[in-house]
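These protein sequence lines map, in sequence, to chains A and B.
Residue 259 in the working numbering sits at position 259 of the first sequence; the count goes up by one each step and never skips.
Residue 1096 in the working numbering sits at position 96 of the second sequence; the count goes up by one each step and never skips.
Calculated directly from the structure, the hints in this document are not laboratory data.
One or more of the hints may lead you astray.
Far from chain B, by Cβ distances over 10 Å, these chain A residues were calculated [stated by the list, open to error]: (1) Gly19; (2) Asp78; (3) Pro121; (4) Gly125; (5) Glu218.
Taking beta-carbon pairs under 8 Å as the criterion, some of the chain B residues facing chain A (in silico) [unchecked claim]: (6) Gly1078; (7) Asp1154; (8) Glu1162; (9) Arg1171; (10) Val1175.
Just so it is clear, the structure is predicted and the values come from calculations on it, not from any experiment.
Note that the Cβ used here is the ideal one computed from N, Cα and C, for glycine as well.
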Amino acid sequence: MLEISDLTHSYGAYQALGGVNLTVAEGELVCVVGPSGCGKSTLLRSIGGLLRPTGGRVLVQGRPVEKVPDDLAIVFQDYSRSLFPWMTVADNVSLPLRRRGGDRRSRDTAAMEALEQVGLPAAAGKYPWELSGGMQQRVAIARALAYKPALMLMDEPFGSVDAQTREDLEDLVLQVRRSSGMTIVLITHDIDESVYVGDRVVVLSKSPATVVGDLRVELPEPRDQIATREHPDFVHLRAEVGRLVRGMRSGGPAAAETGAETGAEAEADSPELDPATAEPAPVAPKA
Amino acid sequence: MKTIVSRIAWLWILPVVLVAWEVSTRAAQAVYFPPPSVILARLHELWFSGPAAHVFLTDEAAHHLLPSLGRLVAGWAGACLVAIAAGIALGRSAVLCDVFSPLIHFFRSVPPPLLIPIFMTMTGIGTPLQLTAIVFGVSWPVLLNSLDGARYVDRQYLETCEVFGISRFRRLTRVILPAASPKIFAGLRISVALALIMMILSEFIGSTEGIGYRMLVAQSELDVPTMWTAIVLLGILGFVLNAAFLRFERHVLTWHRGARKTD
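Okay, chain A solo, but in the shape it has when bound (with noise of 0.2 Å):
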C-alpha cells in the first residue's frame, strides 16, 4: 500500500527528514510517534504529496507520489482551519463527493452515511462552528470516510481536544477502520495512543528524523480504554516506545526491528515531551 524509501527533506539548510524508510500494509493501522518536532508532519505531507521531498521515494499502491493520490484523505490537526465555516456540515462532507461522479442525492446520501457513522447524523444541517472541537473532528473524519479513500493519513489528530473526546476519538478510528478495513497512517505525540491504537507503532528519532523503532502491537481485540490500558503488554510496550522516543537504547524484547540509531545520543530530557505520557513507566514482566 505505502512503501517510504530514503525519504529525505529539508527546509534550506535545517534537515528535517534524514533517510526514513516505512512499508505499510493493505488494511494496517500505523501509528508514527515522534517527539515535537521531529519531521513528522513532514512526512504525513510528503506521503500525502502536499510537500515535494528533496529527495528518497514514495509510492502508494505501487505508483510514485507527485500530486496527492486519488485515493488518499487526509484528517488534519486543526479541524477549524480544515472545514470550510461557510458550509454546513453536510456540505463540507459532501463536497469532495463530486469527483467520484454520482448525482446530487446519491452524495448526500453518501455524507449522511459517513456521519451516522461518526455518530452526527443530527448536525447534518449545522455549521461547523456551532460544534465542539471533538465534534468537528468527527466531522472532518466523517469527510474522509465519505471519499472512501484506500489509505488515510491523520494528522495529530486529536491533538486539540480534551482527553475524554480524545479517547472518545480514539475508538471511533479503530471502530472506522473495523468497519471499513482502509489503511490508515496516523500521527502522534502521544506515546499511549499510538499503542492504544495502533496495529504497529513506528518511532521517529529527532530531526533528522529516522525510523528508530517498528514495534508490532498485539494487545486483545476490540480494545477497550480502561482493560486495554491495564494489559501488561500495553504497559510494556509504552514503556518501550517511550525509551525510543526519548532516544533511550531500546532493550526490550517487543523491538522488533531498530532501524538506523541515531538515538543513540541518549536525550535524557525533552522538553518538548508531554509528561504525562512521555514517562517512561515501570516495566512490568510480559505476561
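Following the hints, put chain B in place on chain A, whose structure we already have.
Same frame as chain A, now just chain B:
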C-alpha cells in the same frame, strides 16, 4: 431588557437634534441656515408631492433623482463585479499580482475627482461621464480588497481542496470566494460612500440633470432651502444605502461572525 434599551437608545438623539436645530436657526434668523421644518417642507414639495401613481414622486424628482440613482446603482454594481473578478484573478496569481500591483497602486493613489475633467473631454457631459466617474472611483478599493482577500486564503483551506481533489472551478466558487468575502465586503462598503461622492461631483461638473445639478441650479438662484434639500436627501440616501448594505453583509457573512466567536 438591557439590549432592547440600548438598541433604541440612539433614537432619542434624533428629535433632540431636530428641535435644537429648529430652535437655534429660528432664533438666529440666519439666511443660509433655514430651519429643518422649512427644509422638510421644501423637500416634500419639490420631490415627494407627486401623484400616487408615481409613488408620490414629482416630475422634478423623476427628472433629477431617478437618473442619479440609476447611474449610482448601475455604475457601482458594474464596477464591483469587474473589480471583484479582477481582484480574485490577481490575488490567485503571484505573477499577475507582481506585474500589475505597481500600476494598481498608482491609479489608486490618484484622487478620483481629479480625473473628472479628463473624463469629460472623452465622454462629454451626461450619463457616460457619471458612469465613468463612478466606475473609476469604486473600482480601486474593491479591487484591492478582493485581491487581498483572495491572496491570503488560509493555506489549509487550499490544501484541503488539494487533498480532496476539488475542481478548480469549485475551488474558486465554493472556497476562495467565500474565504475572501469578508475582505471583499469591507471594500464594497467603502465603495458605496465613494460612489455617492463621485455621483455628486460628476453631476456638479458635467450634467444637465441629477441631484448635484439641481443643487447647482438652486445655488445660482440663491434658493437656499432647495440646496439644503439636496444635502438632506443625500444624507438620507447614504444612510439608507449603508444600512441596507450592512443588513446584506450580516446575512451573507453570518458564518464569519459565528466562526470568529468560537475561535
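Hint by hint, here is what the structure shows:
1. Gly19: holds, 25 Å
2. Asp78: violated, 6 Å
3. Pro121: holds, 21 Å
4. Gly125: The assertion about glycine 125 (chain A) holds, with a minimum of 13 Å to chain B.
5. Glu218: holds, 32 Å
6. Gly1078: Result: violated, 26 Å to nearest chain A Cβ.
7. Asp1154: Result: holds, 5 Å to nearest chain A Cβ.
8. Glu1162: This hint holds: glutamate 1162 (chain B) lies near chain A, its Cβ roughly 5 Å from the closest one there, short of 8 Å.
9. Arg1171: violated, 10 Å
10. Val1175: Nearest chain A Cβ about 6 Å off; hint holds.
In the structure shown, a violation is registered for the earlier hints numbered 2, 6 and 9, in ascending order.
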